[in-house]
Amino acid sequence: MAADAAGAIGPKLKDAALAALVAIALTVPILGMETVPGPDGRLTLDFHFHLVAIAAVLVFAGRLALSLLLRGRQLRPSGRSGAVAEFVSRHGTWFGLAGIAFALVLPFMPFASRYVIDVATTIVIYVMLGWGLNIVVGLAGLLDLGYVAFYAVGAYSYALFAQWFGLGFWICLPIAGLLAAIAGVLLGFPVLRLRGDYLAIVTLGFGEIIRLVLINWHEVTGGPNGIADIPRPTFFGFPFTRDPGEGETAFHELFGLEFSTLHRVIFLYYLALFLALVTNLFVLRIRKLPIGRAWEALREDEIACKALGINPTNTKLTAFALGAMFGGFAGSFFATRQGFISPESFTFIESAIILAIVVLGGMGSQIGVVLAAAVIVLLPEIGREFETYRMLLFGAAMVLIMIWRPRGLLAHREPTLTLAGSTGGTGTRGGGR
Amino acid sequence: MRRSILEVLHLTMRFGGLVAVDDLSFTAYADDITAIIGPNGAGKTTVFNCLTGFYRPTTGQLTFHGHHGPVLLERLEGFRVARHGLARTFQNIRLFGGMSVLENLVVAQHNHLMRASGYTLLGLVGAASYRRAEAEAVERARFWLERTGLIERADQPAGSLPYGEQRKLEIARALCAGPKLLCLDEPAAGLNPRETAELGELLLELRDRHGVAVLLIEHDMSLVMRIADHIVVLDYGRKIADGPPERIKRDPAVIKAYLGETEDEELPPEVAADLAASGGG
Numbered sequence: 243m244a245a246d247a248a249g250a251i252g253p254k255l256k257d258a259a260l261a262a263l264v265a266i267a268l269t270v271p272i273l274g275m276e277t278v279p280g281p282d283g284r285l286t287l288d289f290h291f292h293l294v295a296i297a298a299v300l301v302f303a304g305r306l307a308l309s310l311l312l313r314g315r316q317l318r319p320s321g322r323s324g325a326v327a328e329f330v331s332r333h334g335t336w337f338g339l340a341g342i343a344f345a346l347v348l349p350f351m352p353f354a355s356r357y358v359i360d361v362a363t364t365i366v367i368y369v370m371l372g373w374g375l376n377i378v379v380g381l382a383g384l385l386d387l388g389y390v391a392f393y394a395v396g397a398y399s400y401a402l403f404a405q406w407f408g409l410g411f412w413i414c415l416p417i418a419g420l421l422a423a424i425a426g427v428l429l430g431f432p433v434l435r436l437r438g439d440y441l442a443i444v445t446l447g448f449g450e451i452i453r454l455v456l457i458n459w460h461e462v463t464g465g466p467n468g469i470a471d472i473p474r475p476t477f478f479g480f481p482f483t484r485d486p487g488e489g490e491t492a493f494h495e496l497f498g499l500e501f502s503t504l505h506r507v508i509f510l511y512y513l514a515l516f517l518a519l520v521t522n523l524f525v526l527r528i529r530k531l532p533i534g535r536a537w538e539a540l541r542e543d544e545i546a547c548k549a550l551g552i553n554p555t556n557t558k559l560t561a562f563a564l565g566a567m568f569g570g571f572a573g574s575f576f577a578t579r580q581g582f583i584s585p586e587s588f589t590f591i592e593s594a595i596i597l598a599i600v601v602l603g604g605m606g607s608q609i610g611v612v613l614a615a616a617v618i619v620l621l622p623e624i625g626r627e628f629e630t631y632r633m634l635l636f637g638a639a640m641v642l643i644m645i646w647r648p649r650g651l652l653a654h655r656e657p658t659l660t661l662a663g664s665t666g667g668t669g670t671r672g673g674g675r
Numbered sequence: 153m154r155r156s157i158l159e160v161l162h163l164t165m166r167f168g169g170l171v172a173v174d175d176l177s178f179t180a181y182a183d184d185i186t187a188i189i190g191p192n193g194a195g196k197t198t199v200f201n202c203l204t205g206f207y208r209p210t211t212g213q214l215t216f217h218g219h220h221g222p223v224l225l226e227r228l229e230g231f232r233v234a235r236h237g238l239a240r241t242f243q244n245i246r247l248f249g250g251m252s253v254l255e256n257l258v259v260a261q262h263n264h265l266m267r268a269s270g271y272t273l274l275g276l277v278g279a280a281s282y283r284r285a286e287a288e289a290v291e292r293a294r295f296w297l298e299r300t301g302l303i304e305r306a307d308q309p310a311g312s313l314p315y316g317e318q319r320k321l322e323i324a325r326a327l328c329a330g331p332k333l334l335c336l337d338e339p340a341a342g343l344n345p346r347e348t349a350e351l352g353e354l355l356l357e358l359r360d361r362h363g364v365a366v367l368l369i370e371h372d373m374s375l376v377m378r379i380a381d382h383i384v385v386l387d388y389g390r391k392i393a394d395g396p397p398e399r400i401k402r403d404p405a406v407i408k409a410y411l412g413e414t415e416d417e418e419l420p421p422e423v424a425a426d427l428a429a430s431g432g433g
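So the sequence lines, in the order shown, correspond to chains A and B. With my numbering, the residue at position 364 of the first sequence is 606, and numbering never jumps. With my numbering, the residue at position 77 of the second sequence is 229, and numbering never jumps.
Only chain A is shown next, with the shape it has when bound in the complex:
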């Protein structure tokens, strides 16, 4: 017995020593050295090797304790939560409806401050972007790292059409969607033959190209200054202002309410919710149509698709175009919500966050996207208490979630149709928040 225990502890000590070594390598530049201004104003290095030593000892002890506690058990994804995921997916309709109901009454809950509604609107927009990208990444299996480009195209389309031609939001919305879809096809054509990593690189480049065009095409986009004074949304023609212009009726006058800036915030929230629900409905439907199944088949095996007479070109292009269209819709909403847009808002990190939402949610899962969007938007908000360590915490949480659920929060997939029920009644449905 004793010999057994001694034999088992050897590799653990070695493992802990290795971890400590890595910790030393990492902490020497971070903790061990500090640049301080010297007496003559030049920078000099201060060494704090005791901090490095402390970190190494802590890592050594921690690693050893962890491996002793786990005693050979791997830190592996839990099987139980798989059952939870299956349950949620199977009863997706109910979870979705409950979610929608909650989302609908949210602005009237006692805790619904302006801040809460603002955050909720952000979540809903990310949910919508996630559902849009889900078409491309989750269903068609085309890894797109430049999704923010379509978001930008939508935002700028709305801003420019509204400014130049004085068009309203509801007219600009389809135009923005159409232009974004065209951008999607433009991206799609050159990357038809690419898959996986290579596709990711090209789409990444595409996102940057769009951003650089926005920065450099001064005459149209206003360059880095962006576009300001984008028309704010009106309630079907009734503006949300305290003092409406001649012959105009403001929203609060129409309903005989006391003027409140909250009205616009709530309206924006419902607008976002409406757009997101339209997206959801569309994706749920199209997933059960031949084109949706062809996307999934393409994700599974492109060669088999060809052998069955599916045109991979058209199938991929429709995925790109439709995914981009919803990005464009969301972009329009973003522009009218902010009232000001600039290329700053459309950096790579946005694409990464949207992709993270899709992957974290579980590829192709509608409810998963909702959960993941809530996690990704709320984590940094909750983390505000931790100030500098906010993003560190965010990153650590993402790593932990992916270790716990490597295929996403809700990776379970329900068939689009079953033999028992002809067309499958319970797809992976999702709702509002």
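Quick caveat, the hints were computed from the structure, so don't treat them as lab data. Backbone N, C-alpha and C fix where the C-beta goes; we use that ideal spot for every residue, glycine too. Among these hints, one or two may not hold up.
Here are the in silico distance ranges between beta carbons for each label pair [stated by the list, open to error]:
id, chain 1, residue 1, chain 2, residue 2, range
1, A, Leu310, B, Gly249, 37 to 45 Å
2, A, Pro416, B, Arg284, 27 to 35 Å
3, B, Arg284, A, Arg484, 54 to 62 Å
4, A, Leu436, B, Arg402, 46 to 54 Å
5, B, His220, A, Phe478, 47 to 55 Å
6, A, Arg649, B, Arg284, 31 to 39 Å
7, B, Gly168, A, Phe431, 49 to 57 Å
8, B, His220, A, Leu620, 52 to 60 Å
9, B, Gly168, A, Arg649, 36 to 44 Å
10, A, Asp439, B, Ala280, 38 to 46 Å
11, B, Gly168, A, Ala307, 30 to 38 Å
12, B, Asp360, A, Arg649, 41 to 49 Å
Stretch-level coverage of chain A by chain B, calculated; a stretch enters the list once three of its residues show a Cβ under 8 Å from a Cβ in chain B [unchecked claim]:
id, stretch
13, 523-536
14, 542-556
Put chain B on the given structure of chain A with help from the hints.
Chain B only, in chain A's frame:
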């Protein structure tokens, strides 16, 4: 006079300096099971890939009498071949593993359903005509599932099926595409004797009751000799024999290709002479 369904004329496929298929000509008939046999690396799968549009042949003419009359396969884009009524399976099974068995079979009817859904628009609004077409597609899938004994598996993910059932499912999926000619690349590989026998029955039934011609690559000689009407033998990309099973069995060239030549025949005469001399001395 038998109706031909596929005429291969002077098919040659070169990959750089390698000649995978060398001036191959044969005809497959509409009411036949045609088998292509030959040792490993003889170019059988290459022939399939040329037929089904995955390779563009270096030279040659491939005439297929499909749903829309005769068509030259070598001029078609890969995915269009299936639309003329030529479906295939793969040596290494290619199913849509994450999708259910039924979905696999419905995807095979994509082009028909795509038209029925008004290229998605009618389907989005839930038109009755589309729902009817989808129900028909499910019925067709159900028919082949029952025929292949996979009906119990319909709603399971295709990737979770045991190997033998995956082979069957791939054939069922190809059949759902509504082919006139079904090309099977080693369908019996990895099957146990009972499953192989069932496969044979299925192929005979396809020929006799469903009017589907079969072109088959297979190494299981007992299966080939039992069900094939017509056998084409390839070796090093060339056709070395072509005819009914009884004749192929006795063909000296075929026996040579499969069993190898005897030693003294294979060696160049001067080497053989040397050997004899040294053995004697």
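Going through the hints against the structure:
1. Leu310/A to Gly249/B: 37 to 45 Å: holds, 40 Å
2. Pro416/A to Arg284/B: 27 to 35 Å: holds, 31 Å
3. Arg284/B to Arg484/A: 54 to 62 Å: Hint holds: Cβ distance 57 Å, inside 54 to 62 Å.
4. Leu436/A to Arg402/B: 46 to 54 Å: This hint holds: roughly 52 Å between Cβ atoms.
5. His220/B to Phe478/A: 47 to 55 Å: holds, 53 Å
6. Arg649/A to Arg284/B: 31 to 39 Å: For arginine 649/A and arginine 284/B the Cβ distance comes to about 36 Å; the hint holds.
7. Gly168/B to Phe431/A: 49 to 57 Å: 30 Å Cβ-Cβ, so the 49 to 57 Å window is violated.
8. His220/B to Leu620/A: 52 to 60 Å: holds, 57 Å
9. Gly168/B to Arg649/A: 36 to 44 Å: holds, 41 Å
10. Asp439/A to Ala280/B: 38 to 46 Å: Given range 38 to 46 Å: holds, Cβ gap about 45 Å.
11. Gly168/B to Ala307/A: 30 to 38 Å: Given a distance of about 60 Å, which is not inside 30 to 38 Å, the answer is violated.
12. Asp360/B to Arg649/A: 41 to 49 Å: holds, 46 Å
13. 523-536: n = 8 at 8 Å, threshold three: holds.
14. 542-556: holds (count 12)
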